[in-house]
Amino acid sequence: MKRGLAGLLVTLCLTASAQYNSEFLNFEKTGRSISLNGEYELGSNGIYNAFLNKFIVGGYIDQSLKDASGNHMKELNVLGANFNYDVAAFFGKNPRYSYLVGIKDQQIFNASYTKDFYQLAFYGNRPYLDETKNFSGSSINSLRFQELKLGFIWHKIDTTAKVGVSVSFLKGQQLFYIRAFEGSSLYTNADGTELIFNSNFVMAESDTTGISNPLRYAGVGASADIFFETPYQSRFGKSSVLTVNANNIGFLHWFDNSVQYSSDSSFHFSGYHVDNLLDLQDSTLSAINQDTIIRNTTNARKESFNVNIPTNLLIINKIIFTDRFTLSTGFRYLFNSNFKPYFFMDAEYNWTSHFSTSLHVGYGGYARLGVGLTVQYNAPGFYIKLGSNSLQGYISPKNTYGQGAFVSIAKKFRN
Amino acid sequence: MRSLFGLALCVLLLPFAACKKGASWDVDAAFPIARSHLNLSNFFGDTIFKPDAGGLLHIAFSKDIINFTMDSLVKLPDTTVALGFTAPFTSMLSPGTVLFSNNASTDRELTFNVSNGVQLNKAIVKSGYLKVEYLNTYGQPLNFNYEINSASLWGNNLHINQTIAGGSVSNPASLTRFYPLNDYVITMTGLTNTKVNTLVQSYTITTDPSGSADQLNPGQGLSVKLSFSKVVPEYVQGYFGQQDLSFGPDSSLLGLLDNFKPSNFALTQSDINFRIINEFGIELSSTISDIRSIKTSPPNVVTLNAGNLLQTINVNRAGKTNNASNPVFPWVKQIDINSSNSNLNAFLQNLPNYLGYKVQAKLNPLGNVSAGNDFAYYGHGLKVVADVDIPFEISADYFSLVNFAKIDLTSINELDNVNNCEMILQARNNYPFRAQIQGYMVDTQGQVVDSMFTWDNNTIQAAITDNANNVLHYTDTRLVAYFNQAKTQHLKQCSQVKFVTYLYLPNQPTPIRIKDSSYLDLILSANVNYHVKTK
Numbered sequence: 102m103k104r105g106l107a108g109l110l111v112t113l114c115l116t117a118s119a120q121y122n123s124e125f126l127n128f129e130k131t132g133r134s135i136s137l138n139g140e141y142e143l144g145s146n147g148i149y150n151a152f153l154n155k156f157i158v159g160g161y162i163d164q165s166l167k168d169a170s171g172n173h174m175k176e177l178n179v180l181g182a183n184f185n186y187d188v189a190a191f192f193g194k195n196p197r198y199s200y201l202v203g204i205k206d207q208q209i210f211n212a213s214y215t216k217d218f219y220q221l222a223f224y225g226n227r228p229y230l231d232e233t234k235n236f237s238g239s240s241i242n243s244l245r246f247q248e249l250k251l252g253f254i255w256h257k258i259d260t261t262a263k264v265g266v267s268v269s270f271l272k273g274q275q276l277f278y279i280r281a282f283e284g285s286s287l288y289t290n291a292d293g294t295e296l297i298f299n300s301n302f303v304m305a306e307s308d309t310t311g312i313s314n315p316l317r318y319a320g321v322g323a324s325a326d327i328f329f330e331t332p333y334q335s336r337f338g339k340s341s342v343l344t345v346n347a348n349n350i351g352f353l354h355w356f357d358n359s360v361q362y363s364s365d366s367s368f369h370f371s372g373y374h375v376d377n378l379l380d381l382q383d384s385t386l387s388a389i390n391q392d393t394i395i396r397n398t399t400n401a402r403k404e405s406f407n408v409n410i411p412t413n414l415l416i417i418n419k420i421i422f423t424d425r426f427t428l429s430t431g432f433r434y435l436f437n438s439n440f441k442p443y444f445f446m447d448a449e450y451n452w453t454s455h456f457s458t459s460l461h462v463g464y465g466g467y468a469r470l471g472v473g474l475t476v477q478y479n480a481p482g483f484y485i486k487l488g489s490n491s492l493q494g495y496i497s498p499k500n501t502y503g504q505g506a507f508v509s510i511a512k513k514f515r516n
Numbered sequence: 398m399r400s401l402f403g404l405a406l407c408v409l410l411l412p413f414a415a416c417k418k419g420a421s422w423d424v425d426a427a428f429p430i431a432r433s434h435l436n437l438s439n440f441f442g443d444t445i446f447k448p449d450a451g452g453l454l455h456i457a458f459s460k461d462i463i464n465f466t467m468d469s470l471v472k473l474p475d476t477t478v479a480l481g482f483t484a485p486f487t488s489m490l491s492p493g494t495v496l497f498s499n500n501a502s503t504d505r506e507l508t509f510n511v512s513n514g515v516q517l518n519k520a521i522v523k524s525g526y527l528k529v530e531y532l533n534t535y536g537q538p539l540n541f542n543y544e545i546n547s548a549s550l551w552g553n554n555l556h557i558n559q560t561i562a563g564g565s566v567s568n569p570a571s572l573t574r575f576y577p578l579n580d581y582v583i584t585m586t587g588l589t590n591t592k593v594n595t596l597v598q599s600y601t602i603t604t605d606p607s608g609s610a611d612q613l614n615p616g617q618g619l620s621v622k623l624s625f626s627k628v629v630p631e632y633v634q635g636y637f638g639q640q641d642l643s644f645g646p647d648s649s650l651l652g653l654l655d656n657f658k659p660s661n662f663a664l665t666q667s668d669i670n671f672r673i674i675n676e677f678g679i680e681l682s683s684t685i686s687d688i689r690s691i692k693t694s695p696p697n698v699v700t701l702n703a704g705n706l707l708q709t710i711n712v713n714r715a716g717k718t719n720n721a722s723n724p725v726f727p728w729v730k731q732i733d734i735n736s737s738n739s740n741l742n743a744f745l746q747n748l749p750n751y752l753g754y755k756v757q758a759k760l761n762p763l764g765n766v767s768a769g770n771d772f773a774y775y776g777h778g779l780k781v782v783a784d785v786d787i788p789f790e791i792s793a794d795y796f797s798l799v800n801f802a803k804i805d806l807t808s809i810n811e812l813d814n815v816n817n818c819e820m821i822l823q824a825r826n827n828y829p830f831r832a833q834i835q836g837y838m839v840d841t842q843g844q845v846v847d848s849m850f851t852w853d854n855n856t857i858q859a860a861i862t863d864n865a866n867n868v869l870h871y872t873d874t875r876l877v878a879y880f881n882q883a884k885t886q887h888l889k890q891c892s893q894v895k896f897v898t899y900l901y902l903p904n905q906p907t908p909i910r911i912k913d914s915s916y917l918d919l920i921l922s923a924n925v926n927y928h929v930k931t932k
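Chains L and V, in that order, give the protein sequences. So for the first sequence, our numbering puts the first residue at 102; every next one is plus one. So for the second sequence, our numbering puts the first residue at 398; every next one is plus one.
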């Protein structure tokens with residue numbers, strides 16, 4: 102274990118560019134190529150990895166796990182997960198620019214939750230009798246879509262600057278959105294015989310027919326990616342490179358069978374009133390029906406609507422100190438989500454002309470502190486990158502927030 | 398290269414592939430299930446409780462002992478008559494020639510054979526029809542012109558004019574027609590207006606004007622079969638005779654408080670009002686006897702002893718209101734049997750399942766004093782009704798009640814995830830009795846698989862009373878039924894719950910009085926430790 106940690110510390114000095122859901126970022130390494138890229142990141146600033154891992158690998162969440170997260174939780178917390186994979190190809194013969202074509206599957210999940218919501222969800226309401234538990238600000242936004250991407254990268258604007266643009270046709274597969282506004286709460290009276298649910302929320306759900314079929318169309322949309330990279334001279338190092346990347350700038354239109362709900366009411370439930378002791382089945386149990394409750398408590402309507410997809414903004418300033426060592430600082434933000442501003446630093450060390458490793462340190466995002474490691478092998482014919490920006494989630498899951506991994510494998514084309 | 402791709406995919410997708418295992422955790426939930434404001438009728442499942450002016454509840458219900466209607470008293474039988482004409486000799490007939498008329502024949506009158514000696518002079522038909530079957534053996538079409546002179550509707554006699562195609566002896570032309578008799582007023586006094594059960598008819602048979610001249614041979618002619626079928630009268634009038642009617646000995650299901658089993662049960666007072674409702678326009682003399690309180694389990698019979706109160710009861714005839722929608726003004730005779738003039742308390746304390754009886758009646762005991770104006774309307778008749786009234790002022794050591802509630806939990810899969818559970822019953826009792834309850838889980842085979850409450854925690858305490866058992870203040874009780882996993886699984890086998898309740902009365906034998914304002918409020922809630930699983 103000590104040797105492993107030592108190795109990790111050594112590689113802390115090394116750097117690589119992580120995936121960040123962009124095909125353009127790797128072009129510097131791969132050039133014209135066909136690549137398979139995949140990435141997942143999962144984190145919360147209120148729930149430890151050991152807790153989240155139970156939702157990934159399965160298992161029982163015991164009292165100590167619940168307490169560990171619950172005791173350090175803020176009043177309002179975030180939880181998010183991104184999972185995407187794609188096949189992309191840069192091709193062309195013009196020495197100044199290359200074309201891009203690719204297909205990608207993206208799943209984006211982000212949620213906000215109050216500490217009260219967490220307590221109700223994982224402890225139940227009985228420990229909180231005669232208390233009002235607040236849901237205000239809690240939300241879930243879960244999105245899955247596929248895209249067909251067409252674009253180009255202009256890699257010889259002057260000598261070394263690059264500009265990349267792509268547009269995508271989006272096929273919406275699934276959306277679930279709910280947001281609780283101010284005043285949403287649940288009160289349980291002192292002996293558990295009365296519940297008062299103040300509901301002030303909106304909810305949207307795409308057509309749930311055949312929801313697991315990746316070929317189904319529940320909506321369509323469009324998006325664009327923009328990439329800009331330019332070298333410049335700075336006071337530090339041999340040279341510097343500024344990279345700005347924005348992707349997922351777009352929207353999805355969900356079709357008519359999508360459902361929207363809204364509720365701004367107070368529901369007082371003190372048990373079903375039984376008029377006939379001899380016929381409880383009809384008078385009581387039939388009334389406890391999920392569909393009936395939802396229908397009676399929300400203003401459900403089927404209609405089409407548009408949603409903006411979370412846009413990923415990435416700014417990286419790279420300082421090349423030597424042929425072997427490069428230090429990058431960066432900023433990442435996801436618009437239309439609850440992603441916190443994420444500041445990071447990558448230190449990359451080239452061990453050989455082909456092999457490099459990098460260390461990543463960042464703070465923000467869905468989780469808090471993130472420490473990562475990336476390994477790259479850049480051969481003349483292929484390129485491979487494997488890494489994580491949140492290794493802490495694997496090393497000490499009980500005490501850390503966030504986890505993730507990414508991989509890129511590219512077969513380079515001969516020029 | 399290919400293996401590298403595979404390795405990369407495995408690394409990336411491993412966490413998500415494992416997602417299918419699912420997370421799980423336990424939560425403690427507290428929630429209400431049901432609440433009820435119960436009065437006595439909820440216990441017994443009956444709506445037979447009615448308060449008096451002082452608020453004291455009474456068990457009050459009415460039971461029809463006999464309901465004898467007109468269709469049982471007077472029946473118009475299906476009647477068939479044959480008419481027609483057969484040529485005795487050869488003749489040449491031209492179209493439009495009268496072949497036969499019954500003006501002078503003996504079949505002008507048609508008499509019905511009405512049972513029980515009933516002599517009708519008038520009837521109004523509610524439903525029924527006249528079926529006419531024709532057979533023409535003459536070679537040319539014949540015309541049958543028929544009229545029931547004593548049957549009229551809105552002033553018009555029942556009239557039939559039917560042409561029957563030509564046929565032959567070997568191959569007669571046949572035809573069948575149906576004519577409704579609904580709403581016809583039929584005078585049944587014959588040609589002289591002095592007869593009974595007799596109507597008047599006339600008919601002629603002619604060669605049809607559309608036919609040709611032809612020879613009528615011996616044996617040829619028209620035969621007609623008239624059938625009065627399924628005739629139901631709306632009204633009948635006449636002399637209904639001195640019939641002797643007898644009903645029973647028989648018994649009538651009471652279905653009263655079947656689930657009610659008392660110990661040392663005693664009534665303070667009780668009352669049965671027998672009502673004899675005569676809607677017939679007939680005098681009659683009636684006797685009600687053999688009134689028995691029949692309990693089947695354990696078997697016991699108590700005969701009502703009311704002296705001569707129910708013997709030889711003269712009942713006058715009903716009157717007419719001249720209102721078609723409610724044509725009868727009934728004559729009602731009431732005989733009150735109570736705990737003072739009979740052994741009614743003992744009779745009812747037997748808690749009968751069935752009421753045994755025998756009723757005898759003689760119609761027109763003084764003969765035809767109405768001069769043939771006895772009448773009866775459809776749907777009206779002779780009824781004997783027992784109005785039972787028992788003030789809920791009773792004494793007993795206890796009552797036991799057995800109720801079955803259909804609560805089919807066999808398909809509630811969520812019960813599998815219940816680690817343990819407390820079902821809490823909070824009761825506010827305003828009744829003077831304490832209630833010891835137990836719920837037995839009964840599976841689909843009818844077998845008891847478990848019970849809900851423990852015997853040391855299953856009693857709802859009685860309200861606070863004075864020495865006369867008057868309620869002074871309600872009492873609150875909290876009962877808890879514990880369900881561990883094994884017991885929860887028994888709950889999942891449950892298709893119904895058998896509730897057995899013992900109601901213990903205080904200060905016995907001082908009677909308790911159950912008032913309309915008495916109540917039992919129940920709130921059922923649950924504390925559930927539930928194992929949540931994600932898919």
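Among the clues, some could well be false.
Non-contacting residues of chain L with respect to chain V, defined by C-beta distances greater than 12 Å in every case (computed) [stated by the list, open to error]:
hint, residue
1, A190
2, Y224
3, P228
4, I241
5, P315
6, G372
7, Y373
8, N418
9, R425
10, F444
With a straight-line Cα cutoff of 25 Å, these simulated DMTMM-like cross-link-like pairs (lysine to aspartate or glutamate) come out [said to hold, decoys possible]:
hint, chain 1, residue 1, chain 2, residue 2
11, V, K932, L, E306
12, L, K167, V, E819
13, V, K930, L, D168
14, L, K234, V, D805
15, L, K234, V, D423
16, V, K658, V, D913
17, V, K884, L, D292
18, L, K234, V, D913
19, L, K216, L, E283
20, L, K512, L, D206
21, L, K499, V, D687
22, L, K155, V, D813
23, V, K759, V, D687
24, L, K155, V, E811
25, L, K167, V, D805
26, L, K272, L, D424
27, L, K175, V, D425
28, L, K155, V, D425
29, V, K895, V, D805
30, V, K930, L, D217
31, L, K167, V, E811
32, L, K167, L, E232
33, L, K339, L, D424
34, L, K499, V, D423
35, L, K167, V, D687
36, L, K216, V, D423
37, V, K930, L, E283
38, L, K175, V, D423
39, L, K339, L, E283
40, V, K895, V, E811
If you're looking for bench data, these hints aren't it; they were derived computationally from the structure. The C-beta atom is built at its ideal place from N, Cα and C for all residues, glycine as well.
Taking the hints in turn, this is what the structure says about them:
no.: 1; hint: A190; verdict: 15 Å, holds
no.: 2; hint: Y224; verdict: 6 Å, violated
no.: 3; hint: P228; verdict: 6 Å, violated
no.: 4; hint: I241; verdict: 14 Å, holds
no.: 5; hint: P315; verdict: 14 Å, holds
no.: 6; hint: G372; verdict: 4 Å, violated
no.: 7; hint: Y373; verdict: 5 Å, violated
no.: 8; hint: N418; verdict: 28 Å, holds
no.: 9; hint: R425; verdict: 25 Å, holds
no.: 10; hint: F444; verdict: 26 Å, holds
no.: 11; hint: V:K932 x L:E306; verdict: 19 Å, holds
no.: 12; hint: L:K167 x V:E819; verdict: 24 Å, holds
no.: 13; hint: V:K930 x L:D168; verdict: 19 Å, holds
no.: 14; hint: L:K234 x V:D805; verdict: 34 Å, violated
no.: 15; hint: L:K234 x V:D423; verdict: 19 Å, holds
no.: 16; hint: V:K658 x V:D913; verdict: 22 Å, holds
no.: 17; hint: V:K884 x L:D292; verdict: 24 Å, holds
no.: 18; hint: L:K234 x V:D913; verdict: 42 Å, violated
no.: 19; hint: L:K216 x L:E283; verdict: 15 Å, holds
no.: 20; hint: L:K512 x L:D206; verdict: 20 Å, holds
no.: 21; hint: L:K499 x V:D687; verdict: 87 Å, violated
no.: 22; hint: L:K155 x V:D813; verdict: 21 Å, holds
no.: 23; hint: V:K759 x V:D687; verdict: 18 Å, holds
no.: 24; hint: L:K155 x V:E811; verdict: 21 Å, holds
no.: 25; hint: L:K167 x V:D805; verdict: 35 Å, violated
no.: 26; hint: L:K272 x L:D424; verdict: 44 Å, violated
no.: 27; hint: L:K175 x V:D425; verdict: 22 Å, holds
no.: 28; hint: L:K155 x V:D425; verdict: 20 Å, holds
no.: 29; hint: V:K895 x V:D805; verdict: 12 Å, holds
no.: 30; hint: V:K930 x L:D217; verdict: 20 Å, holds
no.: 31; hint: L:K167 x V:E811; verdict: 23 Å, holds
no.: 32; hint: L:K167 x L:E232; verdict: 20 Å, holds
no.: 33; hint: L:K339 x L:D424; verdict: 9 Å, holds
no.: 34; hint: L:K499 x V:D423; verdict: 19 Å, holds
no.: 35; hint: L:K167 x V:D687; verdict: 77 Å, violated
no.: 36; hint: L:K216 x V:D423; verdict: 17 Å, holds
no.: 37; hint: V:K930 x L:E283; verdict: 30 Å, violated
no.: 38; hint: L:K175 x V:D423; verdict: 22 Å, holds
no.: 39; hint: L:K339 x L:E283; verdict: 53 Å, violated
no.: 40; hint: V:K895 x V:E811; verdict: 23 Å, holds
Figure legend: structure checked against the earlier numbered hints; hints not met, in rising order: 2, 3, 6, 7, 14, 18, 21, 25, 26, 35, 37 and 39.
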